[in-house]
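Trainee: This is what each chain is made of:
There are 2 protein chains.
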Amino acid sequence: MANLFDEMSQSKPSLHTCLSPALLHLYDLSNSVMVIIDVFRATSTIASALHNGARSVIPVDSVPKAIEISKSIDGIAAGERDGMIAEGLQHGNSPLEYTRDFIGGRTLVLTTTNGTRLLQMALDRHADTIISGSFPNLSKVCDYLLASGKSVILGCAGWKDRFNLEDTLFAGAVIDRLEQHVTIHCDSSRMAVDQYRRQQADLIGFAPQLTHYHRLVNRFGLIKDIEFCLTVDAAPVLPVYRDGRLVADVHAADNPFGK
Amino acid sequence: MANLFDEMSQSKPSLHTCLSPALLHLYDLSNSVMVIIDVFRATSTIASALHNGARSVIPVDSVPKAIEISKSIDGIAAGERDGMIAEGLQHGNSPLEYTRDFIGGRTLVLTTTNGTRLLQMALDRHADTIISGSFPNLSKVCDYLLASGKSVILGCAGWKDRFNLEDTLFAGAVIDRLEQHVTIHCDSSRMAVDQYRRQQADLIGFAPQLTHYHRLVNRFGLIKDIEFCLTVDAAPVLPVYRDGRLVADVHAADNPFGK
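Protein chains in written order, with numbering that gives the first Met the number 0: chain P, 0 to 258; chain Y, 0 to 258.
Don't read these hints as lab results, they were simulated from the structure. Be careful, since some hints might not be right.
When chains are identical, the list treats them as one kind, so a pair holds in a single copy or across two.
With a straight-line Cα cutoff of 30 Å, these simulated DSS-like cross-link-like pairs (lysine-lysine) come out [said to hold, decoys possible]:
1. Lys11 to Lys149
2. Lys223 to Lys64
3. Lys11 to Lys159
4. Lys159 to Lys223
5. Lys64 to Lys11
6. Lys223 to Lys149
7. Lys64 to Lys149
8. Lys11 to Lys223
9. Lys70 to Lys149
10. Lys64 to Lys159
11. Lys11 to Lys70
12. Lys159 to Lys70
13. Lys149 to Lys159
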């Protein structure tokens, strides 16, 4: 094993953290795994739906498209605009809405303000591999990245292109676990892991300091959503983007490094 | 005084931190003071030159323009590209180069990779008031912002649109002093002040963790520059942009709040 690790340390893949979709053009997505991060709430909802047996999640960029596609495949159209269920839809972006009874065996067609938009941008930039990450599937994401051996781009969806702390904290959580296995050359990754290590002991207690917390809790009363979205490994599944949809990767290796 | 502070707290100006020039379009610069921050090294050099008696600093976006303007006014053309003295120029972007003997009474025409570019972007977006900030003139910047009573945009120049920690740390230092007098609604400001408070006791000791430190010190051996750029109030002057040039504001109030 010593030799394997020695070899690895000589050719570690790189890891970068992109703090806003408006900065995505600065990063080379070829030969990399791009992790879409939208902690509140798109990527937590995607993990929840797939963990509860959804066949797939189709991310789309508009409400009419969500309705049209869901009708053609007998799926469930859902989405959010500015934190609320999007006009014209019956289902929103709450991870708790997608129970096994409701979503099992069905396809979710989802449109959100930030997360699905970033995913589309990654596709436009020819990302090699796209997965989605959130605290509920943290370990699955880290295991996949370790096993892949590819360079990593942690893409924070933010809020309408602005930096947010919850996506940064998740990026930091990934870096905290991968640090020994990757080469980090960017200040955004250093900052992210530092912020995570300061708050990891009580993420839910820290949440009231987040701008988005007030948007969700004060205006929409979604405290249960927030708690789920900050619970590590509450929905252990690996969403991988293939042929226009996110599916649970049944081959996702359990942690090859035994962490 | 109690009444004055009560009135102030009811109508505190807002403060936002913009982490990259590529995010500047997200912020409203009208009726605000925009602080250009390029710690390594443009805004530290501007503070150094003006504190040492330069008549003004003219920021320009190209080397030919720097040469042309400096010739016409018997000024000193200077600039940096990728951390080194720009090709075609004799003077660079080192704050230690601009001693009183050299720069006193003269005009510096300066072009840099990040800082002067951000200033031009702020002009293009019709910023109300533009000043430049760095650790060597931290107190002057804070005093001016407190006295102005306007909203504040802390603009980090970064490195070629990427986030960097040294500009973020300076933004955090400003927020640390202004926090009670402004309204903060953005996660980037929360993160910046948190990072600053963790590192403020030994900024120079923290420097080797910065990506840019290695760019400057390992490649160009500029450790003395770094130390100057991280020394609070080493060049106490307030550079204000007026009519195409940065000048020392002789009316800059000494701290009106007695901090």
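Trainee: For each hint, tell me whether it holds in the structure or not.
Mentor: Hint check results:
1. Lys11 to Lys149: within (9 Å within a copy, 48 Å between copies)
2. Lys223 to Lys64: Within one copy only: 29 Å inside, 58 Å across.
3. Lys11 to Lys159: Between copies, since 25 Å is at most 30 Å while 33 Å is not.
4. Lys159 to Lys223: Only inside one copy: Lys159 and Lys223 sit 23 Å apart there, 40 Å across copies, limit 30 Å.
5. Lys64 to Lys11: neither (41 Å within a copy, 43 Å between copies)
6. Lys223 to Lys149: Intra 35 Å, inter 38 Å, cutoff 30 Å: neither.
7. Lys64 to Lys149: Neither: 33 Å inside a copy, 44 Å across copies.
8. Lys11 to Lys223: neither (39 Å within a copy, 33 Å between copies)
9. Lys70 to Lys149: neither (38 Å within a copy, 52 Å between copies)
10. Lys64 to Lys159: within (21 Å within a copy, 37 Å between copies)
11. Lys11 to Lys70: Neither: 46 Å inside a chain and 50 Å across chains, both beyond 30 Å.
12. Lys159 to Lys70: Within one copy only: 29 Å inside a chain, 45 Å across chains, cut-off 30 Å.
13. Lys149 to Lys159: both (29 Å within a copy, 25 Å between copies)
Comparing the model with each numbered hint stated earlier shows that hints 5, 6, 7, 8, 9, 11 do not hold.
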